[in-house]
Amino acid sequence: MGGAGRSFAFAVFEGPEAATAAASLDAMPFAGVMLRVKRPREYVPPPSAVAAMATGAVLARDVPDVPHKVFVGGIDNQLSYDEVRQILETAGPLAALNLMPPRYPDSKNRGYAFALYANPADTDAAIAKLSG
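Numbering (UniProt numbering), first residue to last: 1 to 132.
Rather than coming from a laboratory, the hints here were simulated on the basis of the structure.
Heads up, a few of these hints could be off.
With a cut-off of at most 27 Å between alpha-carbon atoms, the simulated DSSO-like pairs for lysine-lysine come out as follows [what the hints assert, rightly or not]: (1) Lys38 - Lys69; (2) Lys108 - Lys38; (3) Lys129 - Lys108; (4) Lys129 - Lys69; (5) Lys69 - Lys108.
Build the full structure now, drawing on both the sequences and the hints.
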C-alpha cells in the first residue's frame, strides 16, 4: 500500500469551547496545506452561540444554508480574511464568513466566499452596495 493518505480526520472534543477553539484553525497552513476544520452538517449551536453570532460578538466560519446566505465572487486572491471581512462589513455586521482557502501557496484565498449578515434585512442592501 503506497501513496499518500486522504489526509482527513474526525475529532470529538470534551466541550463546545474546545470545539470552537479547534474551528478557529480553519484555513490555517499546516504541513504545506490549508486546514479545513468544520462542524458536522447536523450541528445545532446552543442558543447562547446563536445570540452571540446575531450581535456580531462571534463571527462563525461555517455559513449555514439559509435563504439570506450570500455568495461573494470576484475577490482578489491576495486579500486576507480580515481584509475581506472589513470590506463586507461596510454594508453591515456579519454573523458568519467563509472565505474559501487557497489552492496554491502564492495566494490567500480562492476568490470567493459565503457570508451571512447578522441582520437578515441587511442582505439585500449589502448586495446592492457591494455589487459592481
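Hints, verified against the model:
Simply put, Lys38 and Lys69 have alpha-carbon atoms about 17 Å apart, close enough for the 27 Å limit, and the pair holds. A threshold of 27 Å between alpha carbons decides the hint, and for Lys108 with Lys38 the separation of about 19 Å falls inside it, so the pair holds. Between the alpha carbons of Lys129 and Lys108 the distance comes to roughly 24 Å, so the proposed pair stays at or under 27 Å and holds. Proposed proximity of Lys129 and Lys69 is supported: the alpha carbons are some 16 Å apart, at most 27 Å.
For the hint pairing Lys69 with Lys108, the CA-to-CA distance comes to about 22 Å; that is within 27 Å, so the pair holds.
Figure legend: structure checked against the earlier numbered hints; every hint is met.
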